[in-house]
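Participant: Residue strings, one per chain:
There are 2 protein chains.
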Amino acid sequence: MWGQQRYIAVDWGTTNRRAWLIDPTHGKLESYADNQGLLSVPKGGFEVSASDLRSRFGDYPMLLAGMVGSDKGWHQVPYKSCPTDLADLAKGIFWMQGGSIGIVPGVCQIDGNADVMRGEEVQAFGALQLGTVAADGLVCHPGTHSKWVRLQDGLIAGVQTMMTGEIFSLLRRDSVLSSQMQNEPAANHSFDEGVDLALNGAHLLSSLFQVRSQYLLSTRELDGASFASGLLIGSDVRAGLAAGHPRDMIAIVGNQQLSTLYLRAFERARFRAHIVNDDDAFVAGMQAIVDHLRVVQENAS
Amino acid sequence: MWGQQRYIAVDWGTTNRRAWLIDPTHGKLESYADNQGLLSVPKGGFEVSASDLRSRFGDYPMLLAGMVGSDKGWHQVPYKSCPTDLADLAKGIFWMQGGSIGIVPGVCQIDGNADVMRGEEVQAFGALQLGTVAADGLVCHPGTHSKWVRLQDGLIAGVQTMMTGEIFSLLRRDSVLSSQMQNEPAANHSFDEGVDLALNGAHLLSSLFQVRSQYLLSTRELDGASFASGLLIGSDVRAGLAAGHPRDMIAIVGNQQLSTLYLRAFERARFRAHIVNDDDAFVAGMQAIVDHLRVVQENAS
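Protein chains in written order, with the numbering used here: chain X, 1 to 301; chain U, 1 to 301.
Misleading hints may appear alongside valid ones.
Identical chains share a label here; the pair holds if one copy fits it or two copies do between them.
20 Å max Cα-Cα, derived SDA-like pairs, lysine to any residue [as the list claims (entries may be wrong)]:
#1 Lys80 - Tyr215
#2 Lys91 - Asn35
#3 Lys80 - Thr219
These aren't lab readings, by the way, just hints derived from the structure by calculation.
Predicted, not measured: the structure shown is a model, and the values here were computed from it.
Could you build all of it, start to finish, from the sequences and the hints given here?
Facilitator: What follows is the structure, given as structure tokens:
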């Protein structure tokens with residue numbers, strides 16, 4: 001029965017997957033990560049790929065979330081539309097293999113700007129569960145696509161996606177700016193300069209070209225990668241704060257390196273924010289869903 | 001002597017080159033275009049590539065402009081910094097082969113935001129020469145990088161570059177939006193929708209993702225390429241108008257297809273603009289420089 005026995009929680013994304021063996025009482029027992037994201041799983045190969053995780057952890061039930069529930073994943077699970085809560089997510093789980101494997105649905109926004117997410121909803125509820133964000137708080141998930149999740153009375157009320165990370169990668173890999181963008185972006189003076197420009201409403205399409213013109217004119221030293229990163233993250237933060245009706249304290253849920261850059265941008269914007277480890281938030285969210293499943297099962301029996 | 005004999009004018013860019021045989025009295029006699037831009041010329045191969053043009057048109061003096069004068073071109077010619085006029089450009093020409101081949105310098109902006117251009121300055125002066133833009137007018141050059149050129153008393157007073165076209169190409173070729181962006185962008189309803197959003201200050205990083213979320217949620221038909229193009233061009237036009245102290249009438253100097261999209265965006269922004277053929281503007285600008293060379297030579301003799 002869910003909530004009484006060990007289970008395997010999997011954050012299964014496009015590029016990577018991370019898995020944990022979880023004991024409802026003692027929490028995380030083991031963890032495992034590899035690059036067997038959707039792009040690396042051959043057609044029809046998800047069953048084998050999931051069995052592989054079971055052979056590592058033991059033959060426990062599995063709860064999956066993330067892009068594994070998308071049209072490019074194992075099975076497409078319909079989005080829950082916001083406002084939505086944990087009970088909605090639990091109800092929307094798609095069960096396979098006699099109920100021993102479930103995929104948690106993503107969340108969509110229909111009203112206003114159409115938007116979607118898969119995986120971040122679990123992290124957002126997890127951050128709430130951990131007490132790291134208020135029931136009316138704002139959660140910023142940096143990443144290839146950053147996701148801004150608005151909470152309201154403990155429900156997910158809205159989501160907004162920004163293509164920040166992807167555009168940074170495209171510019172770095174294959175644009176006229178590439179050769180000036182090969183450093184790892186860091187929270188240095190060039191980064192701050194980009195953030196400040198963006199926070200003051202500078203135009204992105206134009207400001208990005210500064211990376212090239214400053215280089216050509218050699219007017220001064222500019223760390224192109226950090227400057228461009230600052231412009232993009234600053235622009236992201238500016239729009240996210242404007243759209244998200246900023247609250248007292250913002251939770252940044254993401255990996256350490258990227259979260260640190262966002263934290264700096266929030267500081268420049270004079271907003272209080274703090275970093276929540278994305279794995280911790282994910283595991284807490286999955287456990288909250290499992291707790292909910294247990295209650296439902298108890299009430300039914 | 002320049003201004004009395006025929007010459008070959010070449011707009012030599014990164015990807016393409018276009019050349020014209022020009023008679024100072026009768027104007028364009030012949031034209032030729034190929035894809036022998038900088039990227040296709042082997043190291044040390046510019047002399048041969050230029051000879052090839054002479055073998056087509058005859059052994060006339062040549063005047064070159066565009067990226068051929070950049071660090072990646074035949075010879076790096078220092079920028080003239082604005083404010084700058086035709087006389088400055090003529091003075092800055094780098095002469096080779098005993099004065100039978102010259103490269104016109106580009107223009108840079110040092111004050112305010114650093115910026116640069118090579119080739120558009122010739123077109124801007126050409127548009128002025130043709131009477132298609134006022135001496136205090138604003139010229140918008142759409143392209144991989146769009147360039148906004150501010151004229152003041154017939155001088156080039158400022159330039160602003162936007163990475164509009166390049167970001168569109170990157171998104172179309174290799175992003176999560178690619179499969180929804182394979183149409184040729186057109187001035188249709190989706191384009192207008194993108195333009196209007198951008199003109200109203202919508203956030204680019206977020207609005208672009210609509211291409212994907214509208215597709216996933218199938219809420220309605222959206223031509224992704226035209227919508228994204230509208231967002232980017234609308235954003236470009238909004239910033240260009242804001243920075244350029246908009247005048248009564250704006251000249252769009254570019255190829256027909258792209259210029260038509262910009263014209264539509266100006267219409268949505270309720271600004272009067274008109275399209276000037278980029279080749280005509282270039283040839284007129286080169287002829288104006290040649291006229292200037294003639295006067296200088298006459299005064300010197």
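Participant: Each of the hints needs a verdict: does it hold here or not?
Facilitator: Structure-based check of all given hints:
no.	hint	in the structure
1	Lys80 - Tyr215	between (48 Å within a copy, 16 Å between copies)
2	Lys91 - Asn35	neither (29 Å within a copy, 59 Å between copies)
3	Lys80 - Thr219	between (52 Å within a copy, 15 Å between copies)
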